[in-house]
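Order-wise, the sequence lines are chains R and D. The first sequence begins at -13 in my numbering and counts up by one. The second sequence begins at 788 in my numbering and counts up by one.
Hint data in this document are derived by calculation from the structure and do not stem from the laboratory. Treat the hints with caution; some may be incorrect.
Here are the computed lysine-lysine pairs in the BS3-like style, where the Cα-Cα straight-line distance is at most 27 Å [unchecked claim]:
(1) D:1373 / D:871
(2) R:89 / D:1644
(3) R:6 / D:1491
(4) D:1582 / R:89
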Amino acid sequence: MSSEKVLVVDDEQAIRRFLKVALTSQGYTVTESASGSEALSIAATKKPDIIILDLGLPDIDGVEVTRLLRQWTKIPILILSVRGSENDKIDALDAGADDYLTKPFGVGELLARLRATLRRSMQATNEPIFINGDLKVDLAKRRVMVGEKEIQLTPNEYDLLRVLTNNAGKVLTHHHLLCEVWGVEYGEEFQILRVNISNLRRKLEPEPARPRYIITEPGVGYRLKTD
Amino acid sequence: MIEDISRPDPDELLAQVKAEAEQEKRGKLKIFLGYAPGTGKTYTMLEAGRQRRKDTDVVIAIVETHSRVDTEALLSGFDILSRKQSEYHGVTLSEMDIDTVLARHPQLALVDEFAHENIPGSRHARRYQDVEELLQAGIDVYTTLNVQHIESGRNVVAQITGVWVRETVPDSIIDIATEIELVDLPPDELINRLKEGKVYVPEQIAPATEKFFRKGNLTALRELALRIAAKHVDQQTLAYMKTHAVGGSWPSGERLLLYIGPDSWGSRLVRGTRRLAYELGAVWTATDIETPENVRLSPLQQDRINETLKLAQRLGAKTITIQGESIAAAVIDYAKANNITKIVAAKPRKSLRRLFIGSAVDRIIRNSEDIDVHLLGTTGEAEVAEEIHKQASLLKNWQHYLKGFGLVVLATLLGQVLHGIFTPTTIAMLYLLCVVVASFLWGLGTAIMVSFLGVLAFDFFNIPPYLTFAIGDTQYIFTFLVLMGIGIIISYLSERVRHQSQIAKQHENQTAALYTLGRDLAMSNDLESYINAISKRAKETFGREAIILLPDSQNKEILRHYTANSKIGVSETELAAATWTFQHQKTAGPGTDTLPNTRARHVPLVTARGTVGVIALLMDTGEKLSIVQERFLEGFADLAAVALESILLAEEAQNTRVLRKTEKLQTALLNSVSHDLRTPLVSIIGVLSSLQEEGMNLDNAARKNLIGVAREEAERLNHLITNLLDVSRIEAGAIKINLQAADVQDLVGAALQQMEGFARNRQINVGIPAELPCVSVDFGLTVQTLVNVLDNAIKYSAADSSIDISGSQAGNDIYIEVADHGVGIPSQDLIRVFDKFYRIQRPDNATGTGLGLSICKGMVEAQGGQITAENRPGGGTVIRLILPISGISGISEKTNVQ
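In isolation and in its complexed conformation, chain R is listed as follows:
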């Protein structure tokens, strides 16, 4: 199996260095770039399997790079952002990025997200059954089980779980979830989402206050954990 190709785009040399070492040790082939324009051309020529993209680039804004990339390619994009710029993260995710990491991050987190994102992109079709620990979601049969117990969900709750499961491991913005489940008109009705997430947690989580499956991404959205 040929190693997967990663394009690392960050204007900080130290970060590029660290990422290269970490990723190479895990068997990835790493290409570096320090600017958005360079990244765009490398993406076109070298066709990497995944792009790690910093949002704070000197020449072109990271969100813009995402948008430009998405005009012609589905290459998974993992964005690196700083705390406090939630709006940038959301914009990037809405522009087509797959996931994000907040700096400073641990290498474990990075690798996990990398793996998850790659796996999703490799998948041709969606798996009908999702399992994580005690949680089992069977999308084909529309059944949700925690351990041995079957859980009854309201239609909205189920829909919400469905969207999360179909994108398991990936962060979904509030806006995205609301549009998918309730429709575009409900795009900003965070209250509805919160309540339903809360209900889901109470039904599915062993410790609703410390969720294991449905994770809150503060300021951004929610994610169904895969491992």
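The hints should help you fit chain D onto chain R, whose structure is shown.
Okay, now just chain D, sitting in the frame of chain R:
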């Protein structure tokens, strides 16, 4: 008293030194003095200016050549500044533009016609005032002046030439000139030039040109000019001698007191006194006297006295008002108390009144003891004025006479009724009663009439032979006279009492008003109450609205206006006038010489520190303040200035306090931050260098341990930096709040998620009820708040104790409580614990800059919530977040067929 004349008076010296210091900054004034038009003053000035051009920056501010060719030729090469054009009665006239000159700020400016009167609407009424501004700004000035335009010379000139000149310059201005250059031309030559048409004859002289330019006149004028120039030099010499303690003839130490009253007034009197003072080298004071009688003076008489006083002031006198029982007594008392050597007054005129009662001046002479009295003659103006006044007073109050008549009739009737019963003597008492009543109620005139009529009636009806005017018994003549005398005396007395009480009341009112103002101002400790106090008192005492203008806190040049009555606006002109007043520390507006056409009277508020503001009194057009009101305004302004200064000082003190506090905080922050930022790095670098170092021989376990430490410390450093950034953002007000509905459980979960590292190994119990409504908060901020609170709880409680997080609803709020089992917070610190940098000293290694809780407070409050601290009953602390419930309710369920 023998004075040591050779030693200069210290006060005078001080004044001299001050004056000299002022002189340094002030521009120097050189006057080119001529004795008639056409002597070549302008020409000489231009030539002199030309000479100076070699090494000085000279400009022509304004020069009138009157199309004289040779003068015009001299203009070449000069920088001629533009004039200010203005329209006056349909004609375009031009005046010197002061602001252009000030902006240009040359070293020397040439200004023609010193005595010129400016067009109404100009900043100052007279050109010499314009020049005064230039001098104050440090610009030297050359100017031209004819001797007939000098105030004290005007009378003499009028007598010589028959021409009364209107435009004059006060003598005090001449005295401050640094140099006077006499431009002389032999009268014969001048007459020749006149014949050749080379002389510009001003309008005023034109009708009398023949007379004016007679050789005899010109010679006399020339002499006058010479004398004035010489006197000026003399004065300078004397001043020099004084400061340098040169022995020699000294100013005599004479002190003059000029009495100004309804019978002693006029410009001739003042000018004469001034000349006398000048010649004697004396200081002089002009005074008017306030007595019970004087309050009865007509407005015309008051005006005359005021004008005379003002003129005296302009000519260099000190002016005061003395209060007293009688004029003579007041003057003499003051003179004695102030070492006056000579009293000056106008020669009393022959009049009937003087014959009987004598005039005040006569009484002064009689009682003057060893003080000299100089009497000066007055012109005919005063006599004419007297006539008019006399006529006026007799005819008023005809109603009172009517009433008096009625009273006599009444008494007579009553007398007839009692005719047989009482003796005539008793009936006389009735008439006496009438006289008393009339004099008390209706004044002297009526009293006299009543006395007279009463006597007649008494005679007619009550004295045998009845119904005739013959007097049977001569003793009744005595009665008549007594009746008359009583009437006169009583009316006099009652009038005195009445007027005395009037004056007393007036003074009391004034004092009371000043007192209340002072009290109000003392109680106002901020600007608003100050403005209100001033506006109120101004309204009460002057009956007019007042505006306070203060310099803007940023730009001291601009004045901002404040008023209690928001309906009052301030126009550009008023603002300009106020600015002028502020800068020059002189009053402006109606009744003054500067900007007399503005609507408000501007008075500067001056303290020892300088001008702190301006008070503007809005007046109706054409209104002027009386002298009493003027004095009162002065007192008012003084009080206002002092109060304003104390408010400003208080503000300054407050600002300094705040500044110092901020500085203290900043220092503390810097110290704390540098320590706390470095500490984690110590471990991190330490660990990394250990790992890097060859020959350290670390086994895997040790390595893992070290790495763990470094990781923790790095996380801690990250947390600290986050906190610091948050503090900065809160301080800068740059926190962006994005309020949304949030589930409490969500918030707590996210917080715990973030705390993975810190919260390791700690037992944290979470109890959030399922039905708890959502709160309206900024998600990120609240999570951060919870993280900080939890961090705090962990830090200040034992490693094996639990931390409990709970949520509950209380009315329209949600409580989120984080409780620990630590040592708790001392009860007096429960509020202070949220202050910046407050850190409770702990024996163990509790670290952190003490910012955590203050950040929480900042963040929570920015979202409209609250945070409190309490001690738990069983020991430990409870931090409570109080957050508002999200207002959105009603979730629509999508129907879906499963």
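Status of each hint after checking the structure:
no. : hint           : result
1   : D:1373 / D:871 : 23 Å, holds
2   : R:89 / D:1644  : 26 Å, holds
3   : R:6 / D:1491   : 23 Å, holds
4   : D:1582 / R:89  : 25 Å, holds
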